[in-house]
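Participant: The sequence shown: position 7 = 7 (the numbering used here), numbered continuously.
Note that these hints are calculated values from the structure, not bench results.
Incorrect hints may appear among the rest.
Straight-line C-alpha distance at most 30 Å; calculated DSS-like pairs for lysine-lysine [unchecked claim]:
(1) Lys71 - Lys60
(2) Lys60 - Lys76
(3) Lys60 - Lys70
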Amino acid sequence: MATEITSSATGPVGASVGRRTGQYLLAIDWLSEDTGRVAPGEIAARLGVSGASVTEMGSKLEEAGLVTVKKYTGVKLTDEGREVARELAWRLCVVENFFEEELSADLNEDQSYEIGYTLPPEAIKRLRNLVDHPCIDRCPQTRQDYDGCRIA
1 MATEITSSAT
11 GPVGASVGRR
21 TGQYLLAIDW
31 LSEDTGRVAP
41 GEIAARLGVS
51 GASVTEMGSK
61 LEEAGLVTVK
71 KYTGVKLTDE
81 GREVARELAW
91 RLCVVENFFE
101 EELSADLNED
111 QSYEIGYTLP
121 PEAIKRLRNL
131 VDHPCIDRCP
141 QTRQDYDGCR
151 IA
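Work out the full structure: start from the sequences and follow the hints.
Facilitator: Printed below as a string of structure tokens:
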């Protein structure tokens, strides 16, 4: 199955990302939090994909300027890749918080991601305005009131 980098989703710095691409960026961001780099095997385990899929996506993400890949040391987000990942994390956390606080419904991470990815920017802003507490710890505090999200 071919993976495309571009779709209707656009991050704050103009990088277009598809649903699956965004999931890779989030996984890399979260897994590399302590070291800055993450091994492809860790990404594969996190996403439940093969090592070959991670290698293929890594090449595409590197070509798009969203990551750097170094043999034996792993994958690292570029500044642009980090911005896109953080916006996606912000969207995910707004959805998780809204469903938990306002609807008493616990969504799993995949459900939160799908909803956050799909909702238009105005809907995400409205959800955020209804939830009066900071986002989950994966989401930087600077994002809790971020108005520049453009993922559609």
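Participant: State the violated hints by number, sorted upward, taking the hints as numbered earlier in the document.
Facilitator: Violated hints: none at all, because every hint is consistent with the structure.
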